Each structure stands twice: as structure tokens, then as C-alpha cells.
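**Q** Residue numbers (the numbering used here), protein chains in the order written: chain Y, 164 to 381; chain W, 153 to 323; chain G, 6 to 643.
Calculated from the structure, these hints are not laboratory results. Hints may contain errors.
Unchecked claim - Pairs of lysine-lysine, DSBU-like flavour, derived with a Cα cap of 30 Å:
{"no.": "1", "chain 1": "G", "residue 1": "K621", "chain 2": "W", "residue 2": "K302"}
{"no.": "2", "chain 1": "G", "residue 1": "K560", "chain 2": "G", "residue 2": "K591"}
{"no.": "3", "chain 1": "Y", "residue 1": "K180", "chain 2": "Y", "residue 2": "K245"}
{"no.": "4", "chain 1": "G", "residue 1": "K551", "chain 2": "G", "residue 2": "K621"}
{"no.": "5", "chain 1": "Y", "residue 1": "K166", "chain 2": "G", "residue 2": "K560"}
{"no.": "6", "chain 1": "G", "residue 1": "K601", "chain 2": "W", "residue 2": "K302"}
{"no.": "7", "chain 1": "G", "residue 1": "K621", "chain 2": "G", "residue 2": "K604"}
{"no.": "8", "chain 1": "G", "residue 1": "K338", "chain 2": "W", "residue 2": "K177"}
{"no.": "9", "chain 1": "Y", "residue 1": "K180", "chain 2": "G", "residue 2": "K551"}
{"no.": "10", "chain 1": "G", "residue 1": "K604", "chain 2": "G", "residue 2": "K551"}
{"no.": "11", "chain 1": "Y", "residue 1": "K284", "chain 2": "Y", "residue 2": "K180"}
{"no.": "12", "chain 1": "G", "residue 1": "K560", "chain 2": "G", "residue 2": "K601"}
{"no.": "13", "chain 1": "W", "residue 1": "K302", "chain 2": "G", "residue 2": "K338"}
{"no.": "14", "chain 1": "G", "residue 1": "K604", "chain 2": "W", "residue 2": "K302"}
If you're wondering where the values come from, they're calculated on a predicted model, not measured in any experiment.
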Amino acid sequence: MSKVTLTIDGIQIEAQKGEKVLWAALEGGIYIPSLCAVRGLEPPFAACRLCFVEIEGRGIVTSCTETVADGMVVYTNTPRVKRLRRTAFELLLSHHDTDCSSCPGHGNCELQRIASRLGLKLRQNRFRPVPISYPIDSSHPLITYDPNRCILCGKCVWVCNERGSGVLNFAFRGIDTVVTTFFGLPLADSGCNSCLECAAVCPVGAIALKRDVRPPRS
Amino acid sequence: MGQIMDEVIEDETAFVLRLYSGERKNLVPILQDVCDRLGYLPRAAMERIAEHLAINRGEVYSAATFYNQFRLSPPGRHTVKVCMGTACHIKGGQLILEAWERELDVDVGGVTRDGQFGLERVACVGCCAMAPIVVCDDVVHGRTRPTTVKGIITNLNEREHDIRGDSGQGD
Amino acid sequence: MIFEEIRDRAIREWEGLRNSGRPLILIGTATCGRAAGAMEVLERIERELGERGIDADVVQVGCMGHCYAEPLIAIAKPGYPPILYGYVTQGTASQLIENFILGDDPCLEFALGALEENELIPTIFDMPRFRYERRILLERCGFIDPQNIDHYIANGGYSALVKALEMTSDEVIEGVRRSGLRGRGGAGFPTGEKFGICREAEGEPKYLICNGDEGDPGAFMDRAILESDPQSVIEGMTIAAYAVGALHGYIYVRAEYPLAVERVRFALRQAEGLGLLGQDILGSGFSFGIELVRGSGAFVCGEETALIASIEGGRGVPHPRPPFPATSGLWGKPTLINNVKTLSIIPHIISKGADWYSSIGTEKSKGTAVFALAGKVINTGLAEVPMGTTLRDIIYGVGGGIPGGKRFKAVQIGGPSGGFLPESMPDIPVDFDSLTEAGVMMGSGGMVILDEDNCMVEAARYLLDFTQRESCGKCTMCRLGTKQMLNILEDITNGEGRLEDLGLLMELAQDVRDGSLCGLGRTAPNPVLTSLSYFRDEYEAHIIEKRCPALVCEKLISYYILPERCERSCDACVGSCSVEAIYAGKGGVKVIDQEKCVKCGICLDSCPPQYSAIVKLSPLSLVPPEEKKPEKSEEGDG
Ligand SMILES: Cc1cc2nc3c(=O)[nH]c(=O)nc-3n(C[C@H](O)[C@H](O)[C@H](O)COP(=O)(O)O)c2cc1C
Ligand code: FES
Chain Y
164 MSKVTLTIDG IQIEAQKGEK VLWAALEGGI YIPSLCAVRG LEPPFAACRL
214 CFVEIEGRGI VTSCTETVAD GMVVYTNTPR VKRLRRTAFE LLLSHHDTDC
264 SSCPGHGNCE LQRIASRLGL KLRQNRFRPV PISYPIDSSH PLITYDPNRC
314 ILCGKCVWVC NERGSGVLNF AFRGIDTVVT TFFGLPLADS GCNSCLECAA
364 VCPVGAIALK RDVRPPRS
Chain W
153 MGQIMDEVIE DETAFVLRLY SGERKNLVPI LQDVCDRLGY LPRAAMERIA
203 EHLAINRGEV YSAATFYNQF RLSPPGRHTV KVCMGTACHI KGGQLILEAW
253 ERELDVDVGG VTRDGQFGLE RVACVGCCAM APIVVCDDVV HGRTRPTTVK
303 GIITNLNERE HDIRGDSGQG D
Chain G
6 MIFEEIRDRA IREWEGLRNS GRPLILIGTA TCGRAAGAME VLERIERELG
56 ERGIDADVVQ VGCMGHCYAE PLIAIAKPGY PPILYGYVTQ GTASQLIENF
106 ILGDDPCLEF ALGALEENEL IPTIFDMPRF RYERRILLER CGFIDPQNID
156 HYIANGGYSA LVKALEMTSD EVIEGVRRSG LRGRGGAGFP TGEKFGICRE
206 AEGEPKYLIC NGDEGDPGAF MDRAILESDP QSVIEGMTIA AYAVGALHGY
256 IYVRAEYPLA VERVRFALRQ AEGLGLLGQD ILGSGFSFGI ELVRGSGAFV
306 CGEETALIAS IEGGRGVPHP RPPFPATSGL WGKPTLINNV KTLSIIPHII
356 SKGADWYSSI GTEKSKGTAV FALAGKVINT GLAEVPMGTT LRDIIYGVGG
406 GIPGGKRFKA VQIGGPSGGF LPESMPDIPV DFDSLTEAGV MMGSGGMVIL
456 DEDNCMVEAA RYLLDFTQRE SCGKCTMCRL GTKQMLNILE DITNGEGRLE
506 DLGLLMELAQ DVRDGSLCGL GRTAPNPVLT SLSYFRDEYE AHIIEKRCPA
556 LVCEKLISYY ILPERCERSC DACVGSCSVE AIYAGKGGVK VIDQEKCVKC
606 GICLDSCPPQ YSAIVKLSPL SLVPPEEKKP EKSEEGDG
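Just chain Y, same shape as in the assembly:
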């Protein structure tokens, strides 16, 4: 496959033709936050709205959906980019259980990582918290699922249908959208084959291995 050269934040970067700007940047050592992107997945999910960049001649776009082109000039830190991703980030936190100390993902959470890399606060007060109080599912012997920590990135749904037993899906819609099983059955009764891929891809602490469970070899 042929290569193209683009400029991201003043740095020349070579990328495979057809690659998305997000992956080209990350490969070139330039950080762009993202929660929902899965490399190679077409069409990209493009739901988290954190990966904004500004491209000369194109304006603001999500880098996970934008294909690289020769001579493309990309900025990852313009005021507009910063403002949009801060808003998206804070919106996510407004509908999220932010009691980090009790979270199994504490210390290994993409939200925490993004906050520290971009200097954003995990405790925001621009937006009022939107109440969220689903029961936690700990029926499964190996994993727990806490929907109150889920940011709906869709990775578990994708991996469960791609490689697992396909028990996880989105249900309902809008603000009530939730990742769940058939009629919300406990995971233990859902037909889950315990491949544990969902826990591996969850960027936060929503689906997590129970203590003492060793991660699967992949």
C-alpha cells in the first residue's frame, strides 16, 4: 500500500493510504484522546466525540472518521478543538458514577488518563449530574458489570458480537441507552461464554474482572 504524508501540529507524518487521522497521529506519537475508536472498524463508531481535530480547509472533524490525505494539515489543539472535547468530556462525566475510589477501573481508566493528559477535571461542575442508578450485575463468576460507569463507547458490544457469544447489545435509546443483555438478564444467565474480551476492551471500570481473576491470554 502506498503512503501519504501529512502534517499534524507542525510535524510531518507518514501514514498508510486509507488510514484515519487518529491512528496516523497516535502512531506518529501525537496524542489525540479517544474512547470509542476501534482500528479498522468500518464505518467508525464515532460516538464519544473526544477525538476532534481541526483540518485546514475542512474545519473541525472527528479524527477517527477522517481519512488521511497527502498534504493534509491537521491541528490537535486549537481553541475550538479544546473547547469541543472539553464539553464532550464533561458531558460524559455528568452521566457517570464519578466515585473513582470504589471503581474497579481506578488507576486503569481511560477517563482518568485523558483528564491527566489534557489537564481536565474529573469533578466538573459546569453541568448538573444526570441521575443514573442501574443495579450492578455481579452474577457472573468472573466479571462485574456496572452500567453506571459505562460511557457507551460500544467496544464491548462490538467485541462480544465479533468474538464472543453476542449477549451484549445496546438497548433503549437516547438518554436511556444502555448496554445490556436480553431483557436485562443477569450475565450469568445470559448465555455468556466467558471469553472475557469485554473486560479487556472496556476503557473504564464498567466491565471489570473480579478480583483474583487472571486476564485471558489473547
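Following the hints, position chains W and G with the ligands against chain Y.
**A** Positioned in the frame of chain Y, the structure of chains W and G with the ligands alone reads:
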């Protein structure tokens, strides 16, 4: 309508499934037909549909919960839909809805305790010129007022009486 | 059968109906007519004709657009011009049969006008509104039986298809391109260009989708066309399919339109029956089939990628564009997707030519625009005007102005993705670009008119509530951004807003607009942005004075009985109150117990107009302190 017996669910679902091949694109039309016949989408029906289309039952649930038209619990014997479209809203649709809630003593989205009435909101039935609109069992009532609620209920009961009278024994 | 035979037979049938020597009664039984009682009127007419043994033809037709006057019937009796009657009740229907059909009194007191030039009475086309209107898409609506394909054919239908099939597909596309037609689904994308892209796109088979989702509350143009002239949509689809090389089409009609679904289904069968649809259409070698798909109640499914996901069999969730459907749509194949009105104008363009079409409208917006007028306007219903007609001409010229002598305040245009145009802009030409410049969108053509009794903040809250409910939930900006905007608007209408909220609301609106995945989120902030820029004073009144200037926001108003106007011995309000909040105070003057009052407004309706003693007050502090309810004595009485 209330809870439906298992055999009925089984028969009606099987009836619908005979009309459709196992292609994925038939999922939504099948859900529509089953929901039309049973009034809602019981769990057993969704499981049968998943088998028929050879997809995960979770995907059926996923689609069924996405659309406004699909119910997951039995509807009332009569369904009252109050239009909440823009035109109805600015002509007082909210007051109409509240009047129904008070009259039926049920919150929108619910079914009265005796199972007679289900109250729903609907986003525009395209009769904006006649706003505010209430649809009762598919009969569209235009230019309603909070004060016409009682009349519509009486009308529904009478029609039901007629239908029963016609068929002799009723149901 | 060759087309000439089909057409000749259709014309014979049509002429036979018109010149049968028997009276002909047309009755509008589209959904709007039914809501006004057309089916009961129809039943009465048929019963009386039967009982009296009168030999007359009764034909059900669609919607003429004069929805304000429904139910409508037209009577053509030999020796008289065809006359249109409005506001027909079962009683008037009987009278018309008695006096006009049997007698010779055309009951002109019920007439809206004649449908043809004559000596006797003015035609409806002499109404002032027709100085502004130009009916092309709506021309046949309400005049033909939508369930009878012969009526369509006898009135010029399907001759455009015959003509198109004799042209090359490139010639068809070129004609559409030259006509300047832009999509009527909202964004106004040049239709000829879209045809071209789809034609050139690689991938087989190609698909065509007619978008009849019409999810915008307050819009009903597409419903009216599907119910009144479904064959025009089918013919347009077939020509478009021929142009781009699609073999299979879908027509997606929203679930809330059961009658449209029924009529389209029937129309498809009739077209197939005559070989105008299906294999080897009219012997041309071109084959095209159409499948009807019912929506299931999701506004977002009007968005093209969500609509496609829904047809493919799942959640109607949008995905990022590009790729656009024209290159990769249904099952990844090139898919042409157009609005009902875009497709149904195609036969006219083919028949009468691109130059004819492009002579109508403005420089950049060609042709006519069909609007659904609703809300606080006298002539609610449909209107078709050349693009570029001013807002004033639409609302006052066609719509007849605001009822009850009230003041026009704003028009909500383009549905929840559109916005508000204020009263101060009456001369704005209504076309794609002028509207975009004003911060609103043409949308699919809904126009809801608001008067002084409507609260702009409440209206914005309502629309946000709608988009928030209808958000598919996939992307963060829309799912949560609309929720947070709604929270702020609810605070303001509840009297709990703070001035700094307006800044946050503005910021959020801009971010949701720029950062959402699909058009739903990208346009959802428009009502907020336009109301903030044109009606900021109303927001401030709610926040600073806790006052709703239009007296709408429940938490900020009270119902109050003016003691000096109360008639005392009249009990109308007491009886009407569903929560027993009204009692007789000193001297029989009625008093509203503010604690108990649920602000349903029924008492205001029930107070006889000669007293008009009940008023709404805002802010709440305007209500004088209440006298105590004389509980003791009442108990004693009972
Ligand atoms: C939220 C949303 C709702 C939409 N609803 C409709 C609709 O009801 N009808 C329609 O024709 N287009 C609708 N559209 C526009 C379609 O995505 C698409 O642009 C249109 O059908 C293309 O047809 P046209 O080129 O003829 O305008 C909607 C778009 C969005 C973002
Ligand atoms: S990574 Fe681009 S939107 Fe989530």
C-alpha cells in the same frame, strides 16, 4: 387485553414468521406484525423471532427497545394517544394530556389498573391543522379540549357496546 | 398493454365519471378530513342516497389543503359548476342532498367557491390566497381518487415515465440537473447532482429510497401527497430509478401515518397491475420494483443513514458520513435517497421541461415550496408557493393572518431542526439560502405560527424536549448535550433560571451543533440559538422577574378571579374545576385556592364570555393575598 396466554403468543408469532423468510432485513417488519397482533412484544415471541432469523435474541431486544411503536408490556383494552407535536403543543396539548392523566388516573405511558385504558404520547400524527389531536383506538379526534375528555370516553364505551351488540355474544 | 391503450381507457373512465349526467360528490377523506368527521359525513351521504334511491357517484378524494375548513365536499351536478363546500356536518350533508341534489338550490351559504369558472359564483381560485399560490405538486390533490390509478393517468399521469423511458438515463439526469431542483427533505442538496453521483458510483445492485418519514412535528405535506396522489410519488421514483440504474426501491412511510401506508400499498398494486412497475416496464426492458417499509416511530430514522440502518433490520442509528448513501448506502451499495416531494416533482420536470421548472422560484432555489401551515393561523392547511415568496405573503396572503385579532409573534419553521423567525422579519424571502442565513432551516416545510399568547422560552423548551427524547443516544454531544440544554430551559421556565445559565446555554448549543455525529444533534440547537438571538428579553423576564410575558409557563402564572367581574351567583367555574379548587368566598365571589389549583385552564374556558372574570397573572406575586376559605360554616351547612 391483559396478559396473553403462552399458546396464543406461540401461535400468533408462528403465524407471522410463516410470512417472512429468515433474512435479517425482515426483523423490523416481523416485530411490527407481531406487535400488531399481540399488542406488545412478549419475551417468548422475541426468542422465536431470533431463532427464525438466526440472530442473537439480544439483537431482537435491542431493536425492539429502540422504537416508540413497540411495547414490551401488554397495552390497555383501549389506547389513548395524545399528540405532542408542535402544533398541538402550542394549542395546549400539554393541558389535554394532563386532563387525560387526571381523568384516567394514570401517568402517560401507563395502563389503568383495570386494564381498560393505556395512555400514550405520540409525536405528531400529521393532523396539525386540527390541533390539538387525540387518537383513540385509531379514531382521530380533532380540536379537543380538556373538557372533551369525558365525551370521548363515553363515545369509546358506546362504540364498544355497539360492537359487542353486533357480534351477539361479544368476547 | 401499450401505454396509449391504458391512457385511452383511463380517459374514458374519467370522462365517463365527469359526464355521466349523474351528480358527482367528491369527499375529502385524507387524515385531516377524518379528524374533522369526514367518515361520518360520508356514511350519512351514502345512507341518504341509498334510502332515497338517488343515482349519484360518490368518490373519496385526498386533501385539497384547505384543512381549516374540513370536512370538505365538492358537488358537480349537471347544469351547475362544480361547487366546493366547507365545514360540512352530517346535517349540512343532508341539506345539500335535499336542496341541491334533489332540488335546485345549490345552498351557496355553505359554499367556499366553485371549482371552475362560471357565471354563478366566484371560484375558490379567486380567493386572495391564490394570488400567491402556484400549485404544481398539489395540483391533483383533492381532485382525484387516490385509489384509482385511472384518475391519475387521465390527468397526465405516467406520460412523463413514457417520455423518460425514451430518453437515455444521462438525458434524464441532465434535465433534472438543469432544472435546478434541490432536495425537499431539508438540506436542499442539488438533486441532479445526487442522481449523477449515484449513477457513476460503483457497486451493484443500486437501490432507491423514498424518504416518507416526515418526522418533523407540525409538518404534514408528505402525508397529504402520499394520501392524495400516491401515484405521482411512484412515477417519480420509477423515473429516478431509471436515471440512476436502480432495480429495487423502498418507500419508507412513518408508522404514525396508517392511512398513507394503506393508500401507498394499494397504489403500488395498481401500478404493478398495469405494468407501470415491475418487470420490463411498458416493454422498455427496464425493470423496477418498489417495496413499502413502515417506520416504527423514531424521528431519527428520517436521517438517511439511520433510515438505511432501520431498513437493514436493526436500530435506526446513524453512522458518520462520508461515505454518503449515493456511493455506499443500503448493504453498502449505491443508494439514491430522496424526499417524497423531490421525487414527485420529477414527472413534472420531465413532462414540462427543465426550463419551465427553473423559470419558477429564485436564482438559487427553483420551483415551488410546499408548506404545512399550522398553529395560530386562520387558514391552517397546505400551501404551495414559488420559492422566494415572503413570509408575510405566506402567513397573511395565503394563511389569512392570525385568528382572534392577536399579534403575530414568530414562526417555527423546519421542525425541531429549524428555528424561529421573529415578527420583525416579515419580508424575508422564503428560500433555502435566505433561511439558512437567518439561522433557521427550510426543513421539509412545516410552519407553525406562534402569536402573542405563546412563550418563546417554552416553545424552545418543547422542541428541545422533543429532540432530547428522539436522540438515538449514540453520540455524547447529542445524547447528553440536548439533555443538559433541556435542563437549563426547564429551570428557566420553572422560574429557577440564573442569568449565567444563558451563557452556558449558548456555549452548549454551539458545541452540540458543531460536535454531534448526525444532523439531529447538529440542528437540535437551532430553536435555542434563534430564540436566544431574537427573543432574549423573554428569557430575561423569566429569569430576572420570574415572569412569563406570554402567560404560559405554569410555574410562573396563577389563575385569578377578578372579584369585580365575578357574577357571584354563577357557578360555572366551580363546576368545571376538576380538583375542587374553586370555592365561593365572601358575598359569593368565587376564589381560586392557589394551593390546590393545577392550572389546567378549564375554568378560564368555562367562565361565560360576558363576565370574563378569570385571568392569568404573572409573576405569582401579582395575586392578592387570598381570603381564608370559610371551612367551618361549610361543614355546618353540609
Ligand atoms: C434528524 C433528521 C431527520 C430527517 N427527517 C427527514 C424526513 O422526515 N424526511 C426527509 O425527506 N428527509 C429527512 N431528513 C433529511 C434526510 O437525511 C435526507 O437528507 C433527505 O431525505 C434527502 O432527500 P432530498 O435530497 O430529496 O432532500 C432528516 C434529516 C435529519 C438529520
Ligand atoms: S474516537 Fe472519534 S468519536 Fe470516539
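**Q** Give a verdict on every hint.
**A** Consistency of the hints with the structure:
| no. | hint | result |
| --- | --- | --- |
| 1 | G:K621 <-> W:K302 | 25 Å, holds |
| 2 | G:K560 <-> G:K591 | 28 Å, holds |
| 3 | Y:K180 <-> Y:K245 | 27 Å, holds |
| 4 | G:K551 <-> G:K621 | 14 Å, holds |
| 5 | Y:K166 <-> G:K560 | 63 Å, violated |
| 6 | G:K601 <-> W:K302 | 22 Å, holds |
| 7 | G:K621 <-> G:K604 | 10 Å, holds |
| 8 | G:K338 <-> W:K177 | 15 Å, holds |
| 9 | Y:K180 <-> G:K551 | 59 Å, violated |
| 10 | G:K604 <-> G:K551 | 17 Å, holds |
| 11 | Y:K284 <-> Y:K180 | 36 Å, violated |
| 12 | G:K560 <-> G:K601 | 13 Å, holds |
| 13 | W:K302 <-> G:K338 | 53 Å, violated |
| 14 | G:K604 <-> W:K302 | 19 Å, holds |
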